[in-house]
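Protein chains: 2
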Amino acid sequence: MSDSDRVAKRVTGSDVAREAGVSKWTVNRAFTPGASIKPESRERVLAVAERLGYRPNLLARSFATQKTQQIAVLIDDFKNPAKLPFLEKLSEALQSQGMIMVLININRHHDHIDAIMDIDQRQLDAAILFGTDFRDLQLEGGERLRSHLPLFVLARNSTIASIPSVSCDATAAMTQMCEHLWERGYRRPGFLTGPRTLSTALGRRRNFLDFWESRGVNHVTVISTNTYASSAAADKIREYLTDTPSSERVDVLMCENDALAIGALGVAKGEFGLRVPEDLAIAGFDDIDQVSHPLLALTSYRQPIEEMVDEIIRMILGQSTSGSVSLVGQLKVRSST
Amino acid sequence: MSDSDRVAKRVTGSDVAREAGVSKWTVNRAFTPGASIKPESRERVLAVAERLGYRPNLLARSFATQKTQQIAVLIDDFKNPAKLPFLEKLSEALQSQGMIMVLININRHHDHIDAIMDIDQRQLDAAILFGTDFRDLQLEGGERLRSHLPLFVLARNSTIASIPSVSCDATAAMTQMCEHLWERGYRRPGFLTGPRTLSTALGRRRNFLDFWESRGVNHVTVISTNTYASSAAADKIREYLTDTPSSERVDVLMCENDALAIGALGVAKGEFGLRVPEDLAIAGFDDIDQVSHPLLALTSYRQPIEEMVDEIIRMILGQSTSGSVSLVGQLKVRSST
DNA sequence: AAAGATGTTGCACCCGGGTGCACGATGTTG
DNA sequence: CAACATCGTGCACCCGGGTGCAACATCTTT
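Keeping their order, the protein sequence lines are chains Z and C. The numbering of the first sequence is my numbering, which starts it at 53 and goes up by one. The numbering of the second sequence is my numbering, which starts it at 53 and goes up by one.
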């Protein structure tokens with residue numbers, strides 16, 4: 053263990069400069085790719101830097117350049133496993149651009165306003181509202197926070213004109229899904245949604261209803277839960293099946309997401325002994341890993357995660373030409389329909 | 053829209069000082085809780101600050117104090133839904149302490165060494181290795197990165213003496229689980245593990261084997277997968293059930309985590325038509341949301357997430373007395389055993 | 001009313017790297 | 001070899017708050 057290892061103090065650019073017999077600005081240049089510096093000088097500086105264990109202080113750099121290379125991702129629902137692959141792809145894409153992801157939990161102790169103020173004060177470069185319910189932002193936000201923080205919405209439609217969004221094309225998705233259901237011969241459709249306002253932002257219900265209307269099916273049963281939890285769906289479906297004689301029931305239940313579909317399936321099959329899809333067909337949305345399980349085998353729709361993330365990265369980097377973008381995903385037919 | 057709204061420039065403490073007729077240090081004091089400042093001065097400064105929309109620049113503060121109030125969380129497996137509740141609780145706990153969570157994706161493009169160097173250069177206050185496979189760190193790390201970044205391991209045992217860990221007590225967990233299985237009368241145990249080295253760090257296999265040995269059961273069938281994916285488990289179990297006549301099969305299969313258990317259950321029940329638990333009992337670990345589903349109903353073990361997170365926060369804040377800590381969770385018996 | 005204790009304020013200087021410019025060194029051209 | 005372009009280097013000063021100390025103001029005490 054040499055003396056230098058025992059020194060707790062950080063090595064700065066000036067230390068390297070002194071040791072290498074140049075000015076600290078030359079050290080800076082040695083670490084700046086396009087800078088004007090004599091090759092020998094650069095090599096010498098880099099050698100000294102390596103020997104001393106010098107690495108530029110990125111915090112100081114951020115402070116000087118006003119760019120932290122950090123992107124905030126706001127999320128308010130950790131119950132939905134569909135979020136994980138998005139987070140994985142997002143963090144990977146950001147890291148490949150030299151940025152890192154700051155994950156902010158939006159909950160009753162910490163709303164959008166708090167989060168955005170904090171993010172803004174910390175000088176993060178942008179914030180992504182990832183599937184969050186940002187009504188609070190619309191209601192009381194706006195003028196209170198005069199921040200220049202660029203905002204983006206991911207995986208739902210933006211309800212604020214100035215904030216661009218990247219989402220899955222709900223019209224295309226529901227058309228594909230419904231045409232499949234139509235071909236299978238189902239004619240008494242039901243729709244299971246989550247909380248009203250959140251549901252609207254996804255646009256799935258609207259598109260589902262439109263499809264059946266266009267085919268001359270005028271009645272669609274709509275059941276709403278107040279959270280996106282499987283258990284809430286289970287409760288609502290148990291109630292529905294109990295109250296509705298089998299002759300009057302829907303023959304296909306489209307669920308707004310897989311978590312709801314899983315809850316519904318459990319009750320229908322497990323508690324009421326219904327055959328799926330013969331007695332009741334069920335479909336979900338998101339195509340989370342577990343729905344492909346042989347005991348569930350739910351028909352679902354996969355969002356184009358990679359493309360969505362790539363597009364939002366382009367937006368953040370300012371390389372995107374257009375405003376909000378909707379991308380088409382892929383129908384996954386399984387034995388539940 | 054007043055003139056001040058049109059100005060894109062940030063409002064700094066000096067701006068407020070000028071406007072309020074005090075020095076910038078007094079402005080600073082107005083925003084520092086315990087500082088020595090006359091109440092009237094503070095009020096006046098705060099009023100001016102409010103009017104101008106001033107908020108302290110946390111990046112500048114971080115730079116000056118050498119504390120970013122940011123904690124990195126390293127994760128290398130986004131497939132396991134059991135990670136989500138940990139992330140939720142972690143982010144909430146950090147935010148309640150005025151810190152935020154930086155989520156770093158460890159993958160083949162970005163290993164522990166890269167991540168730690170980056171985190172260190174960005175001056176984050178600490179890093180949590182959350183269930184990651186950090187053999188690479190042990191092998192080539194150490195001396196190459198001379199960083200003073202505090203490291204902690206969460207949800208697995210630390211294999212590096214200098215890094216404290218917070219994990220679920222595998223001995224207590226497996227004892228509880230196995231005593232339950234023993235009472236139920238199972239005597240031909242099997243264990244389904246993930247990749248060898250990762251598995252060792254969890255300690256579950258070791259404790260499972262020890263229990264049966266102590267009860268005089270000398271043979272335990274061990275099956276290994278090379279990832280923790282449900283599909284990998286399904287493949288291995290399909291192979292096992294195909295190759296093993298029913299008279300020679302295990303009567304209970306303990307799986308290292310729920311994802312594996314779900315895969316095993318799907319094949320046993322769905323493909324081989326086995327009755328669970330009569331023909332084969334199955335148990336998992338982590339008690340993720342989906343295993344309580346009526347169609348799965350897997351016996352599992354819930355890690356004490358809240359306590360684990362609270363403990364690691366204490367460690368980060370330097371309030372923890374001890375070194376590594378193991379906490380006891382809770383057995384959840386369902387109809388699969 | 002003077003001496004002391006306490007409260008309040010201003011001030012240099014620090015954190016560590018980034019920017020634009022000026023000056024010197026080197027190289028090219030007529 | 002002079003005139004000019006180009007490259008390489010050093011330098012002030014910036015980013016916006018934090019720290020310790022000195023100076024000043026105010027309030028107590030005797």
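There could be a bad hint or two in this list.
Stated by the list, open to error - In silico lysine to aspartate or glutamate, EDC-like type, Cα no more than 16 Å apart, as pairs:
hint : chain 1 : residue 1 : chain 2 : residue 2
1    : C       : Lys-76    : C       : Glu-95
2    : C       : Lys-288   : Z       : Asp-172
3    : C       : Lys-61    : Z       : Asp-172
4    : Z       : Lys-131   : C       : Glu-323
5    : Z       : Lys-131   : C       : Asp-172
6    : C       : Lys-131   : Z       : Asp-172
7    : C       : Lys-288   : C       : Glu-323
8    : Z       : Lys-61    : C       : Glu-144
If you're looking for bench data, these hints aren't it; they were derived computationally from the structure. All values reported here derive from a predicted model rather than from experimental measurement.
Failing hints, ascending?
2, 4, 5, 6, 8
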